[in-house]
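Protein chains: 6
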Amino acid sequence: MFYHVKELQFNARVSKPDPRFASLLLEQFGGANGELKAALQYFAQAFPAKQPYPDKYDMLMDIATEEFSHLEIVGATIQMLLNGINGELKDAAEKSEIMQLMDGTSKKESLIHEALSNPQFLVLHGAGPTYKDSQGNPFSGTYINCNGDLTVDLRSNIAAESRAKIVYEYLLQFTDDPYVKETLTFLMTREVAHFQMFEAALATLQPNFPPGVMQADPRYSNTYFNMSNGESVRGPWNEGKTPGLGETWQYIEDPLAHVMETDGLINRKPEGTDITAKTAEKKTKEVSKIRTNEIKSAVPKGKNQWSTYAPLTAK
Amino acid sequence: MFYHVKELQFNARVSKPDPRFASLLLEQFGGANGELKAALQYFAQAFPAKQPYPDKYDMLMDIATEEFSHLEIVGATIQMLLNGINGELKDAAEKSEIMQLMDGTSKKESLIHEALSNPQFLVLHGAGPTYKDSQGNPFSGTYINCNGDLTVDLRSNIAAESRAKIVYEYLLQFTDDPYVKETLTFLMTREVAHFQMFEAALATLQPNFPPGVMQADPRYSNTYFNMSNGESVRGPWNEGKTPGLGETWQYIEDPLAHVMETDGLINRKPEGTDITAKTAEKKTKEVSKIRTNEIKSAVPKGKNQWSTYAPLTAK
Amino acid sequence: MFYHVKELQFNARVSKPDPRFASLLLEQFGGANGELKAALQYFAQAFPAKQPYPDKYDMLMDIATEEFSHLEIVGATIQMLLNGINGELKDAAEKSEIMQLMDGTSKKESLIHEALSNPQFLVLHGAGPTYKDSQGNPFSGTYINCNGDLTVDLRSNIAAESRAKIVYEYLLQFTDDPYVKETLTFLMTREVAHFQMFEAALATLQPNFPPGVMQADPRYSNTYFNMSNGESVRGPWNEGKTPGLGETWQYIEDPLAHVMETDGLINRKPEGTDITAKTAEKKTKEVSKIRTNEIKSAVPKGKNQWSTYAPLTAK
Amino acid sequence: MFYHVKELQFNARVSKPDPRFASLLLEQFGGANGELKAALQYFAQAFPAKQPYPDKYDMLMDIATEEFSHLEIVGATIQMLLNGINGELKDAAEKSEIMQLMDGTSKKESLIHEALSNPQFLVLHGAGPTYKDSQGNPFSGTYINCNGDLTVDLRSNIAAESRAKIVYEYLLQFTDDPYVKETLTFLMTREVAHFQMFEAALATLQPNFPPGVMQADPRYSNTYFNMSNGESVRGPWNEGKTPGLGETWQYIEDPLAHVMETDGLINRKPEGTDITAKTAEKKTKEVSKIRTNEIKSAVPKGKNQWSTYAPLTAK
Amino acid sequence: MFYHVKELQFNARVSKPDPRFASLLLEQFGGANGELKAALQYFAQAFPAKQPYPDKYDMLMDIATEEFSHLEIVGATIQMLLNGINGELKDAAEKSEIMQLMDGTSKKESLIHEALSNPQFLVLHGAGPTYKDSQGNPFSGTYINCNGDLTVDLRSNIAAESRAKIVYEYLLQFTDDPYVKETLTFLMTREVAHFQMFEAALATLQPNFPPGVMQADPRYSNTYFNMSNGESVRGPWNEGKTPGLGETWQYIEDPLAHVMETDGLINRKPEGTDITAKTAEKKTKEVSKIRTNEIKSAVPKGKNQWSTYAPLTAK
Amino acid sequence: MFYHVKELQFNARVSKPDPRFASLLLEQFGGANGELKAALQYFAQAFPAKQPYPDKYDMLMDIATEEFSHLEIVGATIQMLLNGINGELKDAAEKSEIMQLMDGTSKKESLIHEALSNPQFLVLHGAGPTYKDSQGNPFSGTYINCNGDLTVDLRSNIAAESRAKIVYEYLLQFTDDPYVKETLTFLMTREVAHFQMFEAALATLQPNFPPGVMQADPRYSNTYFNMSNGESVRGPWNEGKTPGLGETWQYIEDPLAHVMETDGLINRKPEGTDITAKTAEKKTKEVSKIRTNEIKSAVPKGKNQWSTYAPLTAK
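Protein chains in written order, with my numbering: chain A, 8 to 322; chain B, 8 to 322; chain D, 8 to 322; chain Y, 8 to 322; chain R, 8 to 322; chain E, 8 to 322.
A couple of the hints might just be wrong.
If chains are identical, the list can't say which one is meant, so a pair holds when it fits in one copy or spans any two.
Claimed, not checked - Here are the simulated lysine to aspartate or glutamate pairs, EDC-like style, with alpha carbons at most 20 Å apart:
no.: 1; residue 1: Lys292; residue 2: Glu189
no.: 2; residue 1: Lys308; residue 2: Glu246
no.: 3; residue 1: Lys289; residue 2: Glu206
no.: 4; residue 1: Lys13; residue 2: Asp270
no.: 5; residue 1: Lys248; residue 2: Asp281
no.: 6; residue 1: Lys188; residue 2: Glu288
no.: 7; residue 1: Lys292; residue 2: Asp281
None of these hints come from the bench; they were simulated from the model.
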């Protein structure tokens, strides 16, 4: 269960209202790489991990809980950047002068201009945060990746933290408010911290490459198909050793000819690798056994109970 | 900020795996009336309430936090209903017999059958909960209503709790597992409790009808347009007193004729009401003043800070 | 079947084109709380009501039909606010001067500026209304709530009318056109009227609390969990009598301790209530019987026919 | 404004409940080519047509209104196919036996099976139609095409009717109920009728090819790029005369070489056509003038009023 | 398989950056009528056509491949219109002056203004094209129509090309850059060319009306229901011959009376047509036989292989 | 531009039709981790890379092109798994017996059963592939990550390949067709190959941690907040050295107390790190300079042209 502490994890402040930046900042409230996405992603991944991998469960829930706390920080900042507008919208009886509080220059014309930039703050949500991104797209469950395998999920998380980090980096270039910059810098840095946590956790799961259980087919795991014209560009991604399996890259200069000659690659033989169909199959069986046992030994087949309870003093 | 307690708020248990009911139960995990929707809705509504209405903020955050805790209960139940599948999916090297654990009757054929019922548990999410509904639609921010006005938001919440309640009622008819029924009954009852909390809170906001600030135009607030043929069906919704404003319903038997005669209703006069354009306008001004003052007196115009911090001992 | 009368229900007019306000007004054409949502919601709810509750069916169809008529009013207003643009877009051979008609100040630069505010009016829809909201999100079936139970559906409708009302209230603050204000005031007032119709209809369905058929579990229906820190905020939502069931609120000051002590709430006993598990079950059976009979007595089990036809003179 | 006649346009009947076909039939209620899509598409297209093209407006509104009436027929059929379920869902106190009414063979197991096929009928919508397609995807405004130009919109409609027709054709293969077949055949035939109405209307708009106003560039309007390998397949789409402009198809056997030789097609000259840059430009101006004048002469620039009203007797 | 040639099909150039037009141009990159939609639509339609209709397959794949090449042209143009921004976003350490390169007038204020017009270029995507439309809506599979019947699919394509054409026509009015106009004119013209290809191909499929296989019911195929009031507007869409089947339009002046008199149209008899229930059924059988045979004779029932391979020299 | 080779990259075959597996396989055609997503993601990322990082552009386009070729392989396999159905759907005049070809056991009942599992193959798409996932959700642009920074984008790609790999691994457990297994194994292996390409390419971009340009704030980059109760779980993600920056993890046992004591973390000092605010700022400037220069030196500020053309012989 969750418990709410009214104080924010970080002391978020604003110098003055700035509805335009509030609008941009929605990207991290309800956007594809925002705090809600992160919190929900780690939270969902934690369920299948709880019984077989309680240490990873603990980490995922710690970070998920922190991300919910960050969502609150972002929401509070947006709310403070919108201050004044909510009150003015209630002043329905008078000629509204909502924007006077912002720099003194703006009246109705300015208000309408703002309204067109992010109209739903004004005509729908009444000046509060909402689960949309900076362009008004509603939050979507499609943002979230959970695949029930930690060697995959942790990599999804590393990538997710990378994206969240760059979005904060971009956002920092669009505000001059020192308080807001301070808050965004904290949030950006936490993405860097989480990135490292997930990377460290991934390293404790061995073997973790290829992700999942099944091994690669050695006929196709080290081939690079040159699918475009022009002079051949070569680099460590198509020459030398492959970084994961340590095979030697095979560069297929003319994929069409190669496909024709191999009857659609079926007759291709492994090259530049010590892995064979047989050793690959053996490794699949080994990893398969490890993972299955880890899970089966921890997860009951029949009756199941998520928590046990003890008086608090016993804790 | 949030804090996570590893014990569930309710002691969720299952008698045995049941992936089919897990699939139905997703409706309350990532569906339109599910726990995530509720938690996020009250959480978002809390931001604009914090400074002007700290008592409502406290209630909204208490309930939002409880809903996050219910989301966890639903997720844990789904996970336990899927137990065994996750482990079998890792057994990639062997002929999978994923379904043997479910009643002993089912093998691959049964598995495929299940897969077609909710394929993404098996081929995408690897047997864990996901933010989708019982038909696989991803969670959407469009489910959430927050309009920056408590006389509206609390009514949205009352309706939301009603819907969540009926969905649990329907779900209860599709499982025989006594543990699961116990959990669903708890969750269903909490919707009834929250319904009453929101209703009680709404009553403390006066006036609260019409919702918002502006009063209705007395020419149109008590007319009922009989837009369909057949004999006239009469009831308290079109005869007698209107329940909110206490006006007398005016039944427009032939809307087309009435529209023609009144030049598109412009020339219609108020009937069956003591409210006049003038008194309505006066009331709008009064309510407007009340609400604006409530907000303006509490929300600073310039620098703002969400929380203050004090050593824990001082608390 | 429907019949279309070319005259609008309300005499909608505009003083002059105003594409910016047209863009905002889309919120009520294709938005989450707009007229299309309302019309479709009541229309869908009417189907299961037709045979068992013909009086409610009549009301739902009357209001649905009126909402379709309002959708037409909003569409017509948007079209008139865009007047001139459609014609200019056809003037593809000349240097377009679309915006000259709006105040004389604006040329191409202004046009592009408009285009960026709501580009799809110009580059996609060719200056006509479209089923999107004020930020360009396409209309979604997720906006619509229909749950096959009138004690739920009518509450969804009361909330929906509340939201539609506040959106018109907000919109009214962003136009100075007296004709448009007149139209919006009419539409806003009708939401207030419909709110009262649904409330009156709900009162005729007894019992209607809790919504649906199943009664609440008295162990959990009157507890308030204090899920956040800080001093306890008390109000009628957590002290005194509960408004629906008339039980006495039980305030759980320390939910974590309480959950631990009650083995995850399982061992909690009802307090502050006269309802027992037994009386609740009895009531569930009673309501269950009432509702089932209402429906079963009206809906044939085999062959069914929706309408009967008689020569018009016989009507 | 709309008026509702309680009798359906077509006498829809069912022989007995069939929730499985109800589920398929949703495709035409809330699906991408269903009745709602059609009704809303023609309705939206009618707004920009009203003042400049009142005859097309009349046709679009007639057909839109008929499509709303068809939506009602489909909804009524779905409701009758679900009969019995709604009542059983209210029987929450008893062991539900919802499916007994369907062939006598099915009990809870069967019920759950159904639930998994289209769970939301049972656990969300309580056995009534809903704006989703046969796979549960919510209706989306993206289904609707309106581009503010009748030479485009009418073609969109012809295609839309074609798709709606084939979906009814497919659906007819999945039911044996003679009453349902009768209704579907009526609805399918009306798509064929509407197709012809739109085609006839398009022919009255001259010129209507290319759609819109601007003429094609004669360098590129009659070239066919052979973008794939294998022997050249030739047909009237790449040899002989082009059907719209009457130019002669130019077959570019080797697009890559041609692009290289023409500096990215910039230096390509018109071939196989009498149209020149000059005559194309002249035609653009002519069509431009026609269309602009049609619209400008009919649509006022300032104050505008959608309807005029007269006592019904005068009509 | 595909092969990529680094040179664009058309020599796309820009005179200078213009992020605002880049934002509009997204409509044709990730929008409902854009190049991605077209490419994917024809590509999907090609699969069921490959074995039974190899000539149509060749055409569909040629055009699909060209549309992918157009997608690349649009993306390249957007990228060039955004030039400079990507580099500035990396200049995170300095006070950013992203907009100086655009006309010299714009600094941070201007930048924020741009950001609000299409914020995701700046705060999410880092100045590159993205699969969204001009209002930021993500690309959706719902844009694509493929119904597994060429008499339907080709009509969907004709309509799709019409819409794509008008969007380019609209876009051309919002840029002054001669290079960009040149590119857009090429792309617009290609839509005109494709339109004619699909029309020519459709003509080779006989019979192709009604689309699909089933014939219309002669009782309903030539009736026009006058569903709205006002004087009767008559035109070739409701008087004279129907363009597809050559029947005579029957104008139902008073649909309500007609429906009542015919017991919901069931008792209506065919009028103004030589087609009878019998001849229609016979024709359905004939077309059914033709199409079934075309497909069955080409598609194997058991083992199947998509391609055969031969050494390139043999080709 | 693209060129299409009619032969598939891999010789895809099926043993017999299997519409159920076809339905599952849609996950990799139009699903969140499918081939379309991969192709479009790398294609979009290539645009901003083309001028500053031509080697990465070449790699991204090679892999994108291969993914389009894989999309074709998946589509062809789905089509072959559906063989027979398309033809039967045309047999509209006869009692359809679509499923006889599948094992001989299944007739209409079976057909309807299939239809309910993935109805849109039958009633909408006419037995061909479509851009949906295994549950019928339409493809969405939200699946695609492109953030305009290769240190982020390549990490997104590594995660994307991991997810695509595990989905193939899961799918392989639901078919017994040896031909289909062969194809899926090829496709799964290619994800492993691409993973390694992206990893090798990322390593050539130095520095690449943290992703983007801005450095982390040393006060927050190495702290681990223990946000949940229970005994402390320790591992390399919260003790020892951080893997990216080489700082020492600081474990915050009681986050609430720490937040209170540091005035919302503002007064926290860096611990366990040699990085200071100053050195971090200096590094930000350095990386900033590197990246900005890489881009600015390659991307022209004014006129720009994407390709240059030369006669093919010159290539």
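The hints, checked one at a time:
no.: 1; hint: Lys292 - Glu189; in the structure: between (51 Å within a copy, 18 Å between copies)
no.: 2; hint: Lys308 - Glu246; in the structure: neither (48 Å within a copy, 35 Å between copies)
no.: 3; hint: Lys289 - Glu206; in the structure: neither (27 Å within a copy, 26 Å between copies)
no.: 4; hint: Lys13 - Asp270; in the structure: between (66 Å within a copy, 14 Å between copies)
no.: 5; hint: Lys248 - Asp281; in the structure: within (12 Å within a copy, 35 Å between copies)
no.: 6; hint: Lys188 - Glu288; in the structure: between (53 Å within a copy, 14 Å between copies)
no.: 7; hint: Lys292 - Asp281; in the structure: within (18 Å within a copy, 45 Å between copies)
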